[in-house]
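A.B. asks: We have chain C already, so just place chain Z on it with the hints.
2 protein chains.
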Amino acid sequence: MAFKTLSAAAAAALDKELMSTGAFSIDQLMELAGLSVSQVVYRVHPPNKGNRVLVACGPGNNGGDGLVAARHLRHYGYQPTIFYPKRSKNELYQRLSKQLEDLEVPFVEDFSNAVNSTDHIIDAIFGFSFSGEVREPFPAVIKALQETKLPVTSVDAPSSWNIETGPPSSGLGSNFHPDFLVSLTAPKPLVQHFKGRHFIGGRFVSPAIAKKYDFEVPEYQGIDQYVEVSSGGQKL
Amino acid sequence: MAFKTLSAAAAAALDKELMSTGAFSIDQLMELAGLSVSQVVYRVHPPNKGNRVLVACGPGNNGGDGLVAARHLRHYGYQPTIFYPKRSKNELYQRLSKQLEDLEVPFVEDFSNAVNSTDHIIDAIFGFSFSGEVREPFPAVIKALQETKLPVTSVDAPSSWNIETGPPSSGLGSNFHPDFLVSLTAPKPLVQHFKGRHFIGGRFVSPAIAKKYDFEVPEYQGIDQYVEVSSGGQKL
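If you read the protein sequences in the order shown, they are chains C and Z. Quick note, the first sequence lines up with residues 1 to 236 if you use the working numbering. Quick note, the second sequence lines up with residues 1 to 236 if you use the working numbering.
Bound-form chain C, shown alone (with noise of 0.2 Å):
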């Protein structure tokens, strides 16, 4: 059985109708989105296999979706580390931020120093509205993710893939292959080139809506936010 993706584009449509006749607020998705990957990183990575964990963030969305699961990381007893060199200015992020601060997380400026003095990482740097070039300063963080031999989970999509051809064929990222994949909400077409773990994460998608964009709400298990699927997307 073909799984079933969504294109990036139906990826935003979802998003905004969630958002809108969905009656979501972006605070509560990203709060769930968040509380689901920090979900499989407890599961893939518990504390007593490392608690750093260094969570690389990107100027949107899947940047928020990193700066939520760091919290509750943190809340897990885990010890985060942020790298968020392009802020937001937007008010969203900013209150994400400061509830990080507030727990006394460190944010950093130099990745590859970071990279050294962690024991497992989150890429949260590009979702499923990248497209096109990676931009300064990631081509450098990107590199470095595919260069380490630690754990790498990556939130939607591992960050420089196209989303819907999956890795670069050449040059910056076409060697980037995280061991862990949280696709939010039902997996992207890349997902037939992720050869790691594959979980999906996002317990929020009423039956009606999964219907209207052709995809399942995934059979996730008592209270758990996530499900692992094979790279395939079937339920293990």
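Careful, some of the hints might be misleading.
Since copy identity is lost for identical chains, a pair holds within one copy or between any two.
Taking lysine-lysine pairs in the BS3-like style, the calculated list, with each CA pair at most 27 Å apart, reads [unchecked claim]:
id	residue 1	residue 2
1	K212	K98
2	K16	K89
3	K195	K4
4	K49	K143
5	K98	K211
6	K195	K149
7	K16	K211
None of these hints come from the bench; they were simulated from the model.
C.D. replies: Below, chain Z alone, put in the same frame as chain C:
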């Protein structure tokens, strides 16, 4: 060791501080509070014990927490029914209601009738801002909660209880003893009169804020959004 509780006035000040200097939005806090309530209900009354849950929502924030909990319970596989007779015109509550309607969760008008076709009840009528008399149409609801043999989970306070002094000495609510209580952020003084299983939820308070308000952040486990404590508040 005496257990630290938050007076009604301190709880109101804490809420205000979380949403000002703490930089949280009410959407975020209510989402996490309601989520913790849903996780407690899953713990004490998993769906295989009967998946029908009646959620009695009051006109304020306590009712909002109930609406959020009901949505998560629906995603966990429960069949919630909502009794929400005094719907707030506030935009947030209207959105939370719409989210439930999109999941085909029914809203009912007749509480006594609804009690006869449920397996579990959530009391999200009044929270820490309650004082004085129980207003219409809630006296009949408190009476039904008092008389039912079904398990009841109260959110933050057994509704009708005085936040500081507990159950009324006589009359309505004097014999209302819910089975389960989820104190949000920290127990209120009324817990000394509560004899059921006691949980704390709302995993978002920083150690600095807790210190300022003179309580301890409870020792949540793993990714749980709640922790069970003794009636006195010690960790079990």
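A.B. asks: Confirm or reject each hint.
C.D. replies: Hints and how they fare:
{"no.": "1", "hint": "K212 with K98", "verdict": "between (37 Å within a copy, 18 Å between copies)"}
{"no.": "2", "hint": "K16 with K89", "verdict": "both (21 Å within a copy, 24 Å between copies)"}
{"no.": "3", "hint": "K195 with K4", "verdict": "within (17 Å within a copy, 50 Å between copies)"}
{"no.": "4", "hint": "K49 with K143", "verdict": "within (25 Å within a copy, 52 Å between copies)"}
{"no.": "5", "hint": "K98 with K211", "verdict": "between (38 Å within a copy, 18 Å between copies)"}
{"no.": "6", "hint": "K195 with K149", "verdict": "within (16 Å within a copy, 53 Å between copies)"}
{"no.": "7", "hint": "K16 with K211", "verdict": "within (16 Å within a copy, 40 Å between copies)"}
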